[in-house]
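Asks: Let the hints inform the model, and build the full structure from the sequences given.
For the protein sequence lines, the chains are A and B, in the order given.
Our numbering puts the first sequence at residues 1 to 347.
Our numbering puts the second sequence at residues 1 to 557.
In case anyone wonders, no lab produced these hints; they're calculated from the structure.
Treat the hints with care, as some may be off.
[What the hints assert, rightly or not] The calculated DSBU-like cross-link candidates involving lysine-lysine, where the alpha carbons are at most 35 Å apart (straight line), are:
| hint | chain 1 | residue 1 | chain 2 | residue 2 |
| --- | --- | --- | --- | --- |
| 1 | A | LYS124 | B | LYS249 |
| 2 | B | LYS118 | B | LYS435 |
| 3 | B | LYS435 | A | LYS64 |
| 4 | A | LYS124 | A | LYS216 |
| 5 | B | LYS249 | A | LYS198 |
| 6 | A | LYS64 | B | LYS353 |
| 7 | A | LYS219 | A | LYS124 |
| 8 | A | LYS64 | B | LYS501 |
| 9 | B | LYS21 | B | LYS501 |
| 10 | B | LYS435 | A | LYS262 |
| 11 | A | LYS219 | A | LYS198 |
| 12 | A | LYS119 | B | LYS249 |
Note that this is a predicted model, so its numbers are computed, not measured.
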Amino acid sequence: MHISPVLWQFLTKWLAASALFPAEASTIAPYTDALYFFLIGMTIVGLILVGVLLFGFSIRYSRKNNPVATQVEGSTLLEATWTIIPLAIFLVTFVWGALLYFRIFNPPTNAMNIYVVGKQWMWKAEHPGGQHEINALHVPIGRPVQLTMISQDVFHSFSVPDFRVKREVIPGRYTTVWFNATTPGTYHIFCTQYCGTKHSEMIGEVTALSPEDYEKWTKDSTSGMSLAQNGERLFASMGCNQCHSGNAASRGPNLAGVYGSKLQLTNGSQVLVNDAYLRDAILNPSQHVTAGYQPIMPTYQGQISEDGLIDLVEYIKNLNSNYRVQQTLGTSQSDLAAPTTPGMVKP
Amino acid sequence: MSASTYTIVNLPDQATATMPKRHYINNEHGLLSWLFTADHKRIAMLYLMSITFFFFIGGAFAGLIRLELLTPQPDLVASDTYNKFFTMHGIVMIFLFLVPSVPATLGNFLIPIMLGAKDLAFPKINLLSWYLYMAGGMFTLAALVLGGVDTGWTFTTPLSTHYLNTHVVTAATAIFIAGFSSIFTGLNFIVTIHRMRAPGMTWFRMPLFVWANYAASVLMVLGTPVLAIAIVLVALERLIGIGVFDPTKGGDPLLFQHLFWFYSHPAVYIMILPGMGVISEVISTFSRKRVFGYTAVAFSSVAIAVFGFFVWAHHMFIMGVSNYSALVFSLLTMLVAVPSAIKIFNWAFTLQKGSITFETPMLYAFGFMGLFTIGGLTGVFLGSLGMDIHLTETYFIVAHFHFVMVGGMLMAFLAGIHFWWPKMTGRMYPESMSKLAAVVTFIGFNLTFLPQFILGYLGMPRRYHAYPQEYQVLNVLSTAGATVLGVGYLLPMLYLAWSLKYGEIAGDNPWQATGLEWQIQSPPLTENFTEIPVVDYEAYDYEWLANKTEHEVTTVG
Ligand code: HEM
Ligand SMILES: [Cu+2]
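Replies: Next up, the structure:
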């Protein structure tokens, strides 16, 4: 965005006031808008050029003004010109768009994480502190927020036009999107992927709050149990702790600290343990057996909801703060039980 | 007229022109003679009638959609009904109108004649194509009458396979069958163009219309089977739950997206390329010049067809494809935009030093140039990765593809219908009415779809039955435009039908054009040429035409 900031502000304010332009409510928005104006400029110039050629030639060479046509074969020079110039403009667009894409889709490492589950026809947001919301999302301004999203049924797509972000929410896999809201206010959340009967009712509101208001909101809407604590309960009630007890005799690997590490599998490959891997390891355990263990874990396919999976993943994620974090977990010989969840996770 | 020469009837003779006694229309009589015909021209007319029928069904649904969107509340129909409306609109317009429109009507009628052949290579397969098309159409209507489908024309899984109780399999069958119609048409064209050219009709003497249809045919033959496979998998998944797209069975829902767009992206070129062919013919004829850079235009069709196969994933930039594959697909998308730009400029420069007249087909061609330029350039927005994130799945997409498909393809189709109407029917249409229709269409079109670009940037999602209040003004504009546009489409229906009986007799070559189709009588004989012509001049050689006072075309035999 290399046009004068004053001019820019003036332009976007004026446009937004005319209701032809969405609010610029995230740090990304001005970057997207800059590219948008460039592309509109390109379109207008292209259109004027074609218009001038069409009308100019039409007048100059109408049957009245030019009764007999002069035959021309073509011109390599001219044709090269209108091959190379559009190509150059399109390549600039490509590079610009690619840089923006990486900016929009690569979250900063310090982003706070909120889970979003899409289902026909609602958005369920789950904050790490255990706050649940439906068709609503509260976020602080001035802080990068990453959403880890998954669908429980069909494709949905999470879109906040005023933030200029959107990402498909897919059954069976986590996708992420991040933004950094700049202005307090409420903004539309739309589902933009057609998802059946009430597709157009699958909308919600994201409320951007000042950090203090956000703090207050978090306190007021807590359910008393963090996601990780829910996960811990689930871990016990599903019987996971019978094998993943963390002691030498256990039949499954200790899970403390496993998140974020590289794991050696029986088939020789190595995997990075992240949310997607943990989810898959719970649903399809026989497909990746940790080296040194038997493929005896049953599948939990169909027994745990996506929310439950998120709780479990969050629980396992939080196990890494125990004192054995440096140990290679798959081969842990310790006979200590896995420690319980560290207190409620602050968002 | 001796047996071995043709006389070209020139414009001055037109006033005295009479309808030929014998032609393909009156050659045989009775419904059965049409239903069992193997004459490519009669089959083209069958297509023209059936395609027009389906266009009006699709159009009626467009009207209903726009009517519902007049107000933000969902007040005209229930959500499920609305979803069925846009699904029907999409399926009918794409599979039963846009894909077959130019190739099956104009292509069928003209390609053999333009090449100097008596028919297509496989006349009976050509008839079979029409029956398949009709069978596909009937299944679509069946799906509609039995209660409708609400998958959207994209059949996204697992929505279509697991979550809908509507007539998905019926609609899938319709598309599967109609797909074979287009595969057969494509094959027929390819073989005809390779094998049936008259002596002297070299590849680089072929009209650009034939080149464009050739490129489109290659896409039809290579792309459509992939769609057929995807559709069969959807049906199997629904009926017996094979699970290829189902994540809980180890399937991958994104696989469907890949398969579907592997066809459906090239499909947009199947739809637009033949239209581009029409524009080349029209612009050349009414500026009386050879198309500027003929070879570049011919090769740009082929380039579009080839590149068209490598850009499908630009429909999936936000679906969690890896960032690096997104880069590659974005780059390729930018490259495929270049041949389209080349065409636009070559057409514009065809006008230079020409002697231009502004008949109705030319007006539509100008309309095409303007609207396709906007449609094409807004495609660059969507090919640009970062921009696509905000714009995809909104009304910006709806506006973009209507500019390309409706502003582009439909304008080209209307240009072509008007251009070749005298040849197909032997009669002229009323000139001032048709000019009026062209202007009304252009205005209505812009009023309908320009506001949708803005709606899209504001964030209004597509396929929304109800929307937030603040989008209403632009939606009202769009609906108003659609009404004007609807009138613009109805007019040609009426006056073209009228002209069948009352239109002026056209004569053989009312536009003084060069193609072989203009060197034979209007309407043509069933066998097109009594003798196979020998072509000894380049395509669009207006000097050749002007230099002959007693124009004779050499023939063999
Ligand atoms: C008066 C003319 C037309 C109007 C007002 C119109 C309007 C619309 C609207 C509003 C939609 C979006 C529906 C939605 O996303 O909720 C739509 C979708 C579509 N239109 Fe049109 N349309 C018109 C003509 C055409 C024509 C002539 C074609 C093709 C030849 C066409 C092809 C399509 C397709 C393929 C879709 C996508 C359907 C889908 O989203 O599943 N339209 N149209
Ligand atoms: Cu949805």
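Asks: So, for every hint listed, does it hold in this structure?
Replies: We went through each hint and held it up to the structure:
1. Our distance criterion of 35 Å between C-alpha atoms is met by A:LYS124 and B:LYS249, whose separation comes to about 25 Å.
2. Distance restraint check for B:LYS118 and B:LYS435: the Cα-Cα separation of roughly 34 Å lies within the 35 Å cut-off, and the hinted pair is therefore satisfied.
3. A hinted pair counts as satisfied when its Cα atoms are at most 35 Å apart, and B:LYS435 with A:LYS64 qualifies at roughly 19 Å.
4. The suggested pairing of A:LYS124 with A:LYS216 holds, with an alpha-carbon distance near 21 Å, which does not exceed 35 Å.
5. Between the alpha carbons of B:LYS249 and A:LYS198 the distance comes to roughly 26 Å, so the proposed pair stays at or under 35 Å and holds.
6. Taking the CA atoms of A:LYS64 and B:LYS353, the gap is near 12 Å; set against the 35 Å cutoff, the hint holds.
7. Restraint check for A:LYS219 and A:LYS124: the C-alpha separation of about 19 Å stays at or below 35 Å, so the hint holds.
8. Proximity of A:LYS64 to B:LYS501 is assessed by CA-CA distance (about 33 Å); at most 35 Å being required, the pair is judged to hold.
9. For the proposed pair B:LYS21 and B:LYS501, the alpha carbon gap of about 16 Å is at most 35 Å, so the pair holds.
10. Between the alpha carbons of B:LYS435 and A:LYS262 the distance comes to roughly 71 Å, so the proposed pair goes past 35 Å and is violated.
11. Taken as a hint, the A:LYS219 and A:LYS198 pair is honoured in the structure, with Cα atoms around 33 Å apart against an allowance of 35 Å.
12. Proposed proximity of A:LYS119 and B:LYS249 is supported: the alpha carbons are some 19 Å apart, at most 35 Å.
Violated hint: 10 only; the structure is consistent with all others.
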